[in-house]
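Here's the letter readout for the chains.
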Amino acid sequence: MHSIGDWFDQRLQLATSVRATMTHPVPQQTASWFYVFGSAALTVFVLQIVTGILLAIVYVPSAGEAWNSLQILNHEISLGWFIRALHGWGSNFMLAIVLIHMVQVFLFGAYKFPRELTWIIGVLLLLMTLGMAFTGQVLRFDQDAYWGLGIGVSISSRIPVLGPWLVNLLLGGPIIAGATLSRFFALHVFVIPGLLIAFVVAHVLLVLTLGVNEWPMPGRVVRRATYLQEYHQLTREQGVPFVPAAVWKDIFFSGFILLSITACAAILGPFGPGGQPDPTIIQTAPRPDYFFLWLYAVLSLLPPSLETPALLIGPALVLLVLLGLPFVSGEGEKSWRRRPIAVLTILLVAVALGTFTHLSEYAPWSPAMDAWSSEPIPQQYLKGHTALERQGALVFQAKQCHNCHMLDSRGGQRGPALDVVAVRLTPDQLVRQVIQGGGNMPAYGKNLSPAETTALVAFLETLHPAKQAPARDASRVLALGAGHDGSPSIEP
Amino acid sequence: MTVTRRAFLVKLGIGFNALVATMLAVPIVRYILSPIARERRPGYESWLSLGSVDHFPAGQTRFATYRNPIVNPWDGETATIACWVRNIDGETFQVFAINCAHLGCPVRWFPQSSLFMCPCHGGAYYADGSRASGPPERGLFEYPYKIEAGNLLIKAGEIPTPGDVAAIAAEKPACA
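Chains B and S, in that order, are what the protein sequence lines are.
So the first sequence is numbered by my numbering: it starts at 498 and just counts up by one.
So the second sequence is numbered by my numbering: it starts at 2 and just counts up by one.
The reader is advised that the hints may include incorrect statements.
For the chain S half of the interface with chain B, some residues (derived, Cβ under 8 Å), not all of them [as the list claims (entries may be wrong)]:
{"#": "1", "residue": "75"}
{"#": "2", "residue": "76"}
{"#": "3", "residue": "82"}
{"#": "4", "residue": "88"}
{"#": "5", "residue": "89"}
{"#": "6", "residue": "114"}
{"#": "7", "residue": "121"}
{"#": "8", "residue": "125"}
{"#": "9", "residue": "159"}
Calculated from the structure, these hints are not laboratory results.
We treat Cβ as the ideally placed atom computed from N, Cα and C, and that holds for glycine.
Using the sequences and the hints given, assemble the complete structure.
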């Protein structure tokens, strides 16, 4: 065995440098469970390459056949579903680990001198990983992928001057079709992975060259003039060999992550594909994958006038901040205990992204497209009411009011729930709101007969708590005389 | 500074390769840009039939589909595009793109409330395609149309997007 190894090393001449790399001293405290995320991301990346190649054996990157080939993978090829599940869950885990790694590096000040370039390449790696997630979602060529591409090109089209050309370039033609899928296949399988491998190599080489970031201590300040000397002194005095002192934690964590991915894949199965990518099937509500849900919320909640500027300037600004970070704060305190703004920034970003993601899970901004026919008006809102009021309830259903307004927590949430609307609006205000719309509600004036409006408002007037009278306009009696106070029980 | 003959030859060799690379780049870039070079003038759009006018009763808005004029054999079902046809009074039509003017999701027509609603970000449009509420900045995209020999024809062939200048300058029906 030994002699075979020697035979190869005589020719390769690698053993010395490999041994030196493995046993290079790292600061003792960095042999920590906080320093395992980078290696875990690399492990998952390798898993993605392996499972990706396995999927490419069967997958057909053709708009007419891709969806069918995914069905065959899911249902006909033994364990095809499991490889798809591994690749899908691997993608989610990879993004999550890359983000955690980034947060840890940021909070531990590891992007500071002399590791600026390592951070910049890391930012590029994050972009590549996001690119892989988006293009991967496209290759799962279903309804979500089809309309997701539509959203992608609609955003790109807003770039001044170049937009319309960019749309054709991205789609490979005038519409989302075969040429589009082929392009995204090339991006997902050749272009981005190639760049990823190159950047990962550079990233790891830099980590080896510059040494692992030491454990940040409050008060141990980074200065360009003295840092390198201090770091080498630290590793000389308190250094431990990377193998085996630190690496065993990396190995165990990577194994744990692989096991988690396997468990998720085996128990929860693959993602989709959803409905066929047939653009004439419009009974669909496209949703992005988990890691883009926050963007879905932002696109729904931005006011129309702000959307284009925010979409075009926002990403550039974020990228500029990330790339500029090591140049702005390349020196100084590393410890998060002495960097309150850094900690607050992370908390703010996490809360914002978490809130947007949570909102997207029930998408209150989208109308519930079938609530008008699938959610009946609760019984208690009809009992003991007049024929006119019940007619109004019918109008409420037939005119799709329920798609945007909830009653008894059922229906859409695009507009406010109407359970106690009579307390908020007087009959006149209700008529005005229904006919003219406003506040993000369409005007129904052209679409409701006077009889329908009267009935609808009579029904809405009944929506108030049992012991609380509906709102009324006090000046109405003064202006029109008694009997015109707008209360629902007017007797002629 | 004296340049040795060999150092000069290295530089000359690099320069020679740069020249060849530039020559190679021209066809490569043209190949990559072929979807926007639009060699198939006059562009991607052409007049397409949506079938007999009788399929679209007066006063109603109906769903229609067409096969995109420029297709590849492997496009499958993606080359069939949907649109909404509104017959206003038996003579005047409006043909709306299926794509929401916000971010391109498929809008659905609700005849009961005379609204188009989008399932993605909640855009809504009136029967005439004008914006009713939600994030869209404008009304639905409209295809130019004409009637020939009892058939409804529209000029289409490219996905309408909010940034497309041609789509924004919503052409009015020629035969109103």
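To see whether the hints hold, each was checked on the structure:
The interface hint given for residue 75 (chain S) is met, as the beta carbon of that residue sits about 4 Å from the closest beta carbon of chain B, less than 8 Å. At about 4 Å, the closest approach between the beta carbon of residue 76 (chain S) and any beta carbon in chain B falls short of 8 Å, and the interface hint on this residue holds. Evaluation of the residue 82 (chain S) hint against chain B yields a held restraint, the C-beta minimum of about 6 Å falling below 8 Å. Given hint, residue 88 (chain S) at the interface with chain B, is violated; its Cβ is 17 Å from that chain's nearest Cβ, farther than 8 Å.
Among the interface hints, the one on residue 89 (chain S) is violated; its C-beta lies about 13 Å from the nearest C-beta in chain B, farther than the 8 Å criterion. Against a cut-off of 8 Å between C-beta atoms, the interface hint on residue 114 (chain S) holds, since the closest Cβ of chain B lies about 4 Å away. The restraint placing residue 121 (chain S) at the interface with chain B holds, with a minimum CB-CB distance near 6 Å, inside the 8 Å limit. At a threshold of 8 Å, the smallest CB-CB gap from residue 125 (chain S) to chain B is about 5 Å, leaving the interface hint in force.
Interface hint at residue 159 (chain S): satisfied, since its Cβ lies 4 Å from the closest Cβ of chain B, which is below the 8 Å cut-off.
Comparing the model with each earlier hint shows violations of hints 4, 5; every other hint is respected.
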